[in-house]
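Protein chains in written order, with the numbering used here: chain G, 384 to 700; chain L, 384 to 700; chain C, 1058 to 1557; chain P, 39 to 336.
These are calculated hints, taken from the structure and not from any lab test.
Among the hints, a few may not be true.
[As the list claims (entries may be wrong)] Here are the computed distance ranges between Cβ atoms for each label pair:
| # | chain 1 | residue 1 | chain 2 | residue 2 | range |
| --- | --- | --- | --- | --- | --- |
| 1 | G | Leu499 | P | Asn67 | 54 to 60 Å |
| 2 | P | Pro332 | C | Leu1424 | 54 to 60 Å |
| 3 | G | Gly475 | P | Asn325 | 54 to 60 Å |
| 4 | G | Arg596 | C | Gly1069 | 31 to 37 Å |
| 5 | C | Asp1192 | G | Phe547 | 33 to 39 Å |
| 6 | L | Tyr471 | G | Val405 | 41 to 47 Å |
| 7 | P | Leu200 | L | Tyr525 | 48 to 54 Å |
| 8 | L | Leu563 | C | Arg1321 | 33 to 39 Å |
| 9 | P | Asn325 | G | Phe547 | 56 to 62 Å |
| 10 | P | Leu200 | C | Asp1132 | 56 to 62 Å |
| 11 | G | Gly475 | P | Pro195 | 47 to 53 Å |
| 12 | P | Thr77 | G | Leu499 | 54 to 60 Å |
[To be verified] One side of the interface only, derived from the structure: several residues of chain P facing chain L at Cβ under 7 Å:
| # | residue |
| --- | --- |
| 13 | Ala50 |
| 14 | Thr209 |
| 15 | Asn250 |
A virtual CB, placed ideally from N, CA and C, is assigned to each residue, including glycine.
Now for the letters of each chain:
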Amino acid sequence: MQTNILKGKLDLEKHGPLFALVVLFILSSIASPYFLQTRNILNILRQVSYTGIIALGMTFVIISGGIDLSVGSMTALIGGLVIMALNYFGGGIMAIIIAILFGLLLGMFLGAINGLIITKGKVAPFIVTLGTMAIYRSFTLYVSNAGEFRSTSNLYPKLGMGYFLGIPIPVWLFFGLAALFGVILNSTRYGRYVCAVGSNERVARYSAINVDRVRLIAYIIVGFTVAVSAILMSSRLNSLSSSNAGVNYELDAIAAVIIGGTAMTGGVGSMSGTVIGAIILGIINNMLNMLGVSPYLQGTVKGLVIIGAVLIQRKKA
Amino acid sequence: MQTNILKGKLDLEKHGPLFALVVLFILSSIASPYFLQTRNILNILRQVSYTGIIALGMTFVIISGGIDLSVGSMTALIGGLVIMALNYFGGGIMAIIIAILFGLLLGMFLGAINGLIITKGKVAPFIVTLGTMAIYRSFTLYVSNAGEFRSTSNLYPKLGMGYFLGIPIPVWLFFGLAALFGVILNSTRYGRYVCAVGSNERVARYSAINVDRVRLIAYIIVGFTVAVSAILMSSRLNSLSSSNAGVNYELDAIAAVIIGGTAMTGGVGSMSGTVIGAIILGIINNMLNMLGVSPYLQGTVKGLVIIGAVLIQRKKA
Amino acid sequence: MKPDQVLVKTVGISKSFSGVTVLDNINVEILQGEILGIIGENGAGKSTFIKILNGTYTPSEGRVFFAGSPVHIRDTSVAKRLGISTIPQEFNLINHLSVYENIFLGKELVKGNRLLDKQQMKEKTSELLRELDTDIPPDAKLQDLSVAQKQMVEIAKAIAYDSRLLIMDEPTTVLTQHEIDILFNLMQRLKEKGVTIIYISHKLREVKRICDRVIILRDGQFISLDPTDALDEQEMARRMVGRELTQIFPPKIQPQANAVLQVRNLSVSGLLHDISFDLRKGEILGFSGLIGAGRTELAEALIGIHPITSGQIMINGKTQVISSPIDAVNNGIAYLSEDRQGTGVLTSFDVASNVTLVSLNEYCKPLIDRKKEKAQTEEYIKAFNIRTPSTRTLLEYLSGGNQQKVSLAKSLDPKPEIFIIDEPTRGIDVNAKKEVYYFIHELVKTGISCILISSEMEEILGLCNRVVVMREGRVTGILEADEMSEAEIMFYATGLKEGA
Amino acid sequence: KPLRIGVSIPTADHGWTGGIVWWANQAINDWKAKDPDVTFFLVTADSATQQVDQVEDLMVKGIDGLVILAHDSAPLTPIVERVYKEGIFVVSVDRGLTKPVEHVYVAGDNPGLGRVAAEWIVSELNGKGKVVVLEGIPCVINTERVEAFNAVMKDYPGIEILDSQPAHWLTQKGLEIMENYLQKYKEIDAVWAQDDDVLKGVLQAYKESGRNDIKLFLGGAGSKDIIKMIMDGDPLVRADVTYPPSMIATGISCAVMGLRGEKLSGFYQGKIPSKIILAAELITAENAEDYYVPESIF
Ligand SMILES: Nc1ncnc2c1ncn2[C@@H]1O[C@H](COP(=O)(O)OP(=O)(O)OP(=O)(O)O)[C@@H](O)[C@H]1O
Ligand SMILES: Nc1ncnc2c1ncn2[C@@H]1O[C@H](COP(=O)(O)OP(=O)(O)OP(=O)(O)O)[C@@H](O)[C@H]1O
Ligand SMILES: [Mg+2]
Ligand SMILES: [Mg+2]
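Hey, can you work out the whole structure from these sequences and the hints?
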């Protein structure tokens, strides 16, 4: 019996974010006639997929007890350099493939820089990524002279704007990566170690887990997801602004992770939660536009819904 | 003997931030002939005192295991409403006193809102203050129509611009509050409790500490410091922009706290460290201008120095 | 495998922390397939010694030979590869993970496709736990387990691994006789399979019973290594402390007739059912029971950690609502937690700050009076013989037993009227135990009343005026002094007898 | 015939964008009063990507016209192109798009702002003096202004530009940088702050320093406080260069007029012009009154 009750409690806790999403979904359908249109739903999904993909990587970092504030700047830097690479190689199909590979590697490299300073230098993740946030942005401004990166390829936008079976490509990637990362988190050693490290580093070390490597990999993963997102975004816009691409992505990504039920203190979390968290944020933004809330009061509504979405989970659990 | 060595180690750790400051100070004196001028030093001190005062309050919050992202928006809201109150009461000396009292109370009230949602609602501080960051900013925009708050008082600017014994008033308040808070942190029951709560909440609860109250008070304190800072700033300019006053203050304040040696995970920290952290940030900004570093590369330098300032402490300790 | 083969040999092992030598030139040979006891006072260096063997610390000097060849046990993963596993003194378990995830942490079973084989891990966990005769579900979250259950998980974790050397650092401090018997059976079986076991304990009777040979350490020095047959408990204690030990239990004092604490029909949903008892002034009231009997829960309900669903608590005849430890302290109730690092002390605080944490009000005027704090702490350091370099040393640098003494001092400092002590002598040495018993004796002499929760039958019989026996969250019997015996208590504890 | 018009602008993140929001609302209210058949949807975005999302949302609502002040040119171009191709009437304001996918383009004159500012400073200093510059956020607009400014200055060897630092269009930042300038340079003749918000901080720093060597201060954009100072005959702030946030209101009018097929009075063409560049006008004591809108927030 005890186990049952424990399980019952656990399930509710697990489904808290879903519950919040359902409530928001119902409210939105009532509030706006446009909300349930297929096109609108697809819009929302596509809109959330950029920060959503980053949030997936961020989930690993946060569960491992870290944080990454540099993802926004990293998005701009990677997106910009991918466009430069693309233009350099001529903009054809091969150029696109090379540029994408380059972008993904670059993302993992930038993530690894964060991870190495954090683990080898033993500096708090907040400080390291606050620093690299400034550094990555500054590089971006420098290479572009604070201007825009413009791709000359006609093919490149197909990727970010394209559809497959009626669903936008970014959405496929978002859900695909979420499924993959969900398996990694729940059913592989690495996933288990991430939770262990985030929950109690000392014990993890004692259990002969290579704590530094686990954390380093988490930052590499988030670098990878940033690269995916940067590629999708730069391809969708076929350009990228050096000064404001990716600004505040870190807040959106972290908010999605936490609304999704991952603990800020590390140790526990879920990928499905992060997906739901990202969608909740997307619906909020969509509804603010759809309902024409006064620009001055949008912040209030958004803030209230974010806090409310987490409060509702607590009350249920 | 062990005690001595243990103490020795502790002291080095404690003095890590100071060491970083000294290094930076020496480098700056060499790099720029203007750096050591009294006037420049006073400028730096005054410039850092606004976010520095907030960082003092933030130190309590972070030691208690929390975080407050709303301080920037709160600065704008309080500063704006203080100016409105001032204008309403006529701008005389009595009006100023009333407006200041009102501002301080408002700050504690806004801090208490954060604290109550966090403790009673059991929502992660990151989410709550991310939410109120949006809400407080939105209120500010709403009351001002996204414009500027302008004081009509001729007396009010005296406060923010004034000097006492050749030292600007904000600097006095910064150091005064730092001293006061240092005593509270090190030598009062409350200070001890803040560390206990941040270090292990369960142990604190079992030790008959009112954990919720301790955390709530920390948010009220940071609200108070935000109010002090907002009053000083609005008084100096005799006006306040609703849209960009206080933007990114949270990052500066948190960075100051952490560069000062307080652990992001809570439990340990010091006020003198925070003061030093704030000054380090101020020197960085000052030197970037003094040396005329390219605008595009300022971010790189700043990021490197922030990370370096913390790295240097680790190496020494 | 020859029984007399040497598995581990240490040559000149020394360890110092910040210049202080805590382990000095240890040369021992540990034989294949023996159970080797290590005993010594708190802070003697027992844990430090085994932490060198399992890679937590590297020795300042000296070398370790394993199975004949020199090894450099740089970290825990090297130890793991050599086949060394440890049941540590403090829990090394992850609260957010489930039981089976903890047991297989760092050695997960994977399927052909490299995904975790959860099914098999759960099955193996059930098997292991069945072998230990405990029925913890493999899926349960660790944070929902009691301290004793965690200890069983820790044991299962260590034996899940086919190790050649199994180190146990005080595994039985929170276990009752029943579990101890199970554990000893298991150790015997492992020994037969050729596993070498190092067993650290302050319970000399157990050491005598299970160990083949015993090492005695004092102040980091090697004192002796003898077959246990050659030593009796008195001799062990004498060598540990370096002098003769007198009578360990103080004489019992007759309590006064009036009850300071009356508990009536107290229930906590899912944990406690209909509990009633009286605590008289100046009494030491024992609480006995098996693992999971709910004694700790009862104590936690009394200090307001668990919300009471029905029933009343009366203090000095008046009904009181206690909904948090703050209310408890205000009503003169103090609690010594059995979970030292989980709820007892702050390891990142220094000794003095821990001691005064609950009673801090007494030291404020309004600033904290550090002199007074220091003076008071030094009194406890003297009274309990706490080994610490200073009152300002962080607790994480103290040995387990000394942390326990600090924890005791911390709960005592508010000068309670009712003192609930949960496993007070957990991990403290014989000599210190005696000091603690006499201290409690002095307390009750001044009219303080004690509830003593203990899994050590001797302690209950030797100290208590009466004993309450619990089973599955209920009181099954309350025994008066003349009815108290080990057998009688076990009857009630196992449910063979019932009714107060 | 009912009209549905979407208006997409950046969030009020500094004084000038605050002015944009205010003027957008102003124009919407004016048109609502004049023409009850027009419905407006106003959205504000923090970033280019958010703005793209919002334009998508507007399309779901089915709009006839879109007035957009793009956060950035290139990133918004693909989505506006989609809007344009769906036959929606597009008015792009201020920041141009990288392709001609709008029906009407209304903009301020960024290079003009730099040029007019430079010319005025040169003439006031008689071609000789030391100038410090406080730039905006490092971005395209800023670069256009600063480059035009420098291009003029190149022709006057007597003018020395001592320093040029980004003040991010923030008052507080302007204050700090000016403090540092005052520290660093013992002699300054003129300050170009590019933006009136920044100028306020600059003036504060100067006032606090107690120095009296600087002969003139020039901001930009034409905020009402600075215009007021000019009107009141401030000795140091004698001019300003417009970059009017009211351009968004003009853009909204263009959308309504374009969709309704109205033409401009005085124009002989059948349609409103497809490109409108609002001159960077120099405000001085003589004409300041014409530019002063006390109820505006900027
Ligand atoms: N990390 C450390 N830093 C400094 N001193 C330490 C550290 N760990 C242990 N010590 C000191 O080393 C000595 C031996 O500690 P150890 O834990 O080995 O004792 P023990 O014999 O296991 O005692 P107990 O029976 O209380 O568990 C103690 O005096 C302790 O204070
Ligand atoms: N946090 C918890 N949540 C749910 N059930 C719990 C929790 N802690 C303990 N329990 C359950 O409560 C019962 C009693 O716990 P516990 O083993 O601590 O009793 P005890 O008599 O103090 O035992 P011990 O002598 O080992 O200390 C057990 O069935 C245990 O599983
Ligand atoms: Mg020990
Ligand atoms: Mg117990």
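Results for each hint:
no.: 1; hint: G:Leu499 x P:Asn67: 54 to 60 Å; verdict: holds (56 Å)
no.: 2; hint: P:Pro332 x C:Leu1424: 54 to 60 Å; verdict: holds (56 Å)
no.: 3; hint: G:Gly475 x P:Asn325: 54 to 60 Å; verdict: holds (56 Å)
no.: 4; hint: G:Arg596 x C:Gly1069: 31 to 37 Å; verdict: holds (34 Å)
no.: 5; hint: C:Asp1192 x G:Phe547: 33 to 39 Å; verdict: violated (51 Å)
no.: 6; hint: L:Tyr471 x G:Val405: 41 to 47 Å; verdict: holds (46 Å)
no.: 7; hint: P:Leu200 x L:Tyr525: 48 to 54 Å; verdict: violated (41 Å)
no.: 8; hint: L:Leu563 x C:Arg1321: 33 to 39 Å; verdict: violated (50 Å)
no.: 9; hint: P:Asn325 x G:Phe547: 56 to 62 Å; verdict: holds (60 Å)
no.: 10; hint: P:Leu200 x C:Asp1132: 56 to 62 Å; verdict: holds (58 Å)
no.: 11; hint: G:Gly475 x P:Pro195: 47 to 53 Å; verdict: holds (50 Å)
no.: 12; hint: P:Thr77 x G:Leu499: 54 to 60 Å; verdict: holds (55 Å)
no.: 13; hint: Ala50; verdict: holds (4 Å)
no.: 14; hint: Thr209; verdict: holds (6 Å)
no.: 15; hint: Asn250; verdict: violated (16 Å)
The earlier numbered hints that this structure contradicts are 5, 7, 8, 15.
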